[in-house]
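S.K.: The chain contents come next:
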Amino acid sequence: MWNRAVIDDQTFDREAVVRMSAGDPEGLSRLYDRHARAVYSLALRIVEDRAEAEDIVQDVFSQAWFQARRYDHERAPVAGWLLMMARSRAIDRLRSRRVRPDNAAAFDDHQFDAVVDPAPRQDLEAISAEQAGRVRNALEALPPEKRRAIELAYYEGLTHTEIAERLGEPLGTVKTRIRLGMLRLREALGQA
Amino acid sequence: MTHEELRELTGSYALGALTRDERRSVEAHLAECDACSAEVRALMPVADALGRIVPQQDPPAALKRRVLDSVYGAGQRLPSVYDRPVAAKRMGAWPAWLAAAAAAVAAVALGVYVQVLQDRIVRLEEGLRQAEARAASTGTALVAARETANEAQMRVAILSAPDVARVDLTGQTPAPRASARAYWSRSRGLMFTASDLPPLPAGKVYQLWVVTAEAPVSAGLLRPDPGGRASLTVETPQDLATPVAMAVTIEPAGGVPAPTGEKYLIGTPTH
Numbered sequence: 001m002w003n004r005a006v007i008d009d010q011t012f013d014r015e016a017v018v019r020m021s022a023g024d025p026e027g028l029s030r031l032y033d034r035h036a037r038a039v040y041s042l043a044l045r046i047v048e049d050r051a052e053a054e055d056i057v058q059d060v061f062s063q064a065w066f067q068a069r070r071y072d073h074e075r076a077p078v079a080g081w082l083l084m085m086a087r088s089r090a091i092d093r094l095r096s097r098r099v100r101p102d103n104a105a106a107f108d109d110h111q112f113d114a115v116v117d118p119a120p121r122q123d124l125e126a127i128s129a130e131q132a133g134r135v136r137n138a139l140e141a142l143p144p145e146k147r148r149a150i151e152l153a154y155y156e157g158l159t160h161t162e163i164a165e166r167l168g169e170p171l172g173t174v175k176t177r178i179r180l181g182m183l184r185l186r187e188a189l190g191q192a
Numbered sequence: 193m194t195h196e197e198l199r200e201l202t203g204s205y206a207l208g209a210l211t212r213d214e215r216r217s218v219e220a221h222l223a224e225c226d227a228c229s230a231e232v233r234a235l236m237p238v239a240d241a242l243g244r245i246v247p248q249q250d251p252p253a254a255l256k257r258r259v260l261d262s263v264y265g266a267g268q269r270l271p272s273v274y275d276r277p278v279a280a281k282r283m284g285a286w287p288a289w290l291a292a293a294a295a296a297v298a299a300v301a302l303g304v305y306v307q308v309l310q311d312r313i314v315r316l317e318e319g320l321r322q323a324e325a326r327a328a329s330t331g332t333a334l335v336a337a338r339e340t341a342n343e344a345q346m347r348v349a350i351l352s353a354p355d356v357a358r359v360d361l362t363g364q365t366p367a368p369r370a371s372a373r374a375y376w377s378r379s380r381g382l383m384f385t386a387s388d389l390p391p392l393p394a395g396k397v398y399q400l401w402v403v404t405a406e407a408p409v410s411a412g413l414l415r416p417d418p419g420g421r422a423s424l425t426v427e428t429p430q431d432l433a434t435p436v437a438m439a440v441t442i443e444p445a446g447g448v449p450a451p452t453g454e455k456y457l458i459g460t461p462t463h
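Those sequence lines, one after another, are chains C and Y.
Under the numbering used here, think of the first position of the first sequence as 1, with each following residue one higher.
Under the numbering used here, think of the first position of the second sequence as 193, with each following residue one higher.
Treat the hints as calculated values from the structure; they're not laboratory data.
Be a bit skeptical, because a hint or two may be false.
Below, a sample of chain Y positions facing chain C; criterion: calculated Cβ distance under 10 Å [stated by the list, open to error]:
1) 234
2) 236
3) 417
4) 419
5) 421
6) 423
Ideal Cβ placement from N, Cα and C applies to all residues, glycine included.
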């Protein structure tokens, strides 16, 4: 059930994006005021470096500015769209750190295919702050091995194969843990 | 992979923790499996929530200025629309990455141009309010100011139309240095800007034609300024057939219903 505040915020965001698509910087300014903190916080959680997190904020909002015309509010709420971009950018940076210059030459296309591709093409519904809070509590209450697997996937951009290696667990176990953990978090989130 | 194997991946898919190949396999499966598809849809908001539950911290205050400047920075160079367009035939010979880079630059320049227009509207509206306040006796000036403001508004609308198409026109034999660019949207109109047009002889005018599969349709008359520039913004009829080309010809003053004179500019739409 959407409460009134969620709907109003989304309308506000959508208007800001419409302004941006018409080239009105006021739209960008409003969007920044509402979401820069969330974008910055997520980027910082992932890259753990303030200067890089700031660069990501700049990248995300400039991408939003230039893609405003293509943004489709039926696919994702504005906040979800911005956070998805922030996570992709942040994980790109983590990934490029892992590829050191001395082995960059060996980083061919084939290997690139084995790298996580952090952009599922799915619609996203709006969730409230309260629902997000319930997910936080449920994540903290998960058995540590499930929680760790989910965190490595989302915040470090590891594939389940890499997670299995990192944790020294069989791949099948990791896959199952991620799925069951996610289903548990979904229960906590409740009905959207 | 079997349904059971793919079903194991729904959580990792929603988290974006799959390799590209795995992701493609899952997406192919989702297209035909309602159960897995429903599960992924249910799990997507969980991933969204994970993005929001991190410890919240304020970015430095100066970052906002940096972000705003990066997209419409002060002192940026003006409009791509007035630039000499790159001849279409040359593009084919470019390496793909270079063409992509050029397109990206054009997109940025377009964004800047929209911004320039937007600023102009603000200034024009302001000028208009002042003029209105001053006197009703400046009726003519008022109408002109209103028209200019309306035109700028319309240009913004055209440039931001979802169905906008671009036409680059190149100079023909009588005017090899001339060039022009048009943006056309069925829903919002046509905007056209030419540069380096030769001065008109007495009793002549340039006429812009939208060439459809059926016939050339006049889009209006053009009189270049002393610098050889001419521009035009017009509404286009909703039932106009899709343009296959645009052309500028020289015609007797007052214009003609169908082109008779020599062609000065010709171009076809690019998408």
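S.K.: Go through the hint on residue 236 of chain Y and say holds or violated, using the shortest Cβ distance to chain C against 10 Å.
M.R.: It holds, given that the least Cβ distance between residue 236 of chain Y and chain C is near 5 Å, below 10 Å.
S.K.: Residue 234 of chain Y was flagged as interface toward chain C. Is the shortest Cβ-Cβ separation under 10 Å?
M.R.: holds (5 Å)
S.K.: Just to be careful: measuring from the Cβ of residue 423 of chain Y to every Cβ in chain C, is the smallest value less than 10 Å?
M.R.: violated (18 Å)
S.K.: Just to be careful: measuring from the Cβ of residue 419 of chain Y to every Cβ in chain C, is the smallest value less than 10 Å?
M.R.: violated (26 Å)
S.K.: Can residue 417 of chain Y be said to touch chain C, with a Cβ gap under 10 Å?
M.R.: The hint is violated - residue 417 of chain Y has no Cβ within 10 Å of chain C, the shortest such distance being about 25 Å.
S.K.: Tell me if the interface restraint on residue 421 of chain Y is satisfied: Cβ within less than 10 Å of some Cβ in chain C.
M.R.: violated (22 Å)
Violated hints for the displayed structure, listed by number in ascending order: 3, 4, 5 and 6.
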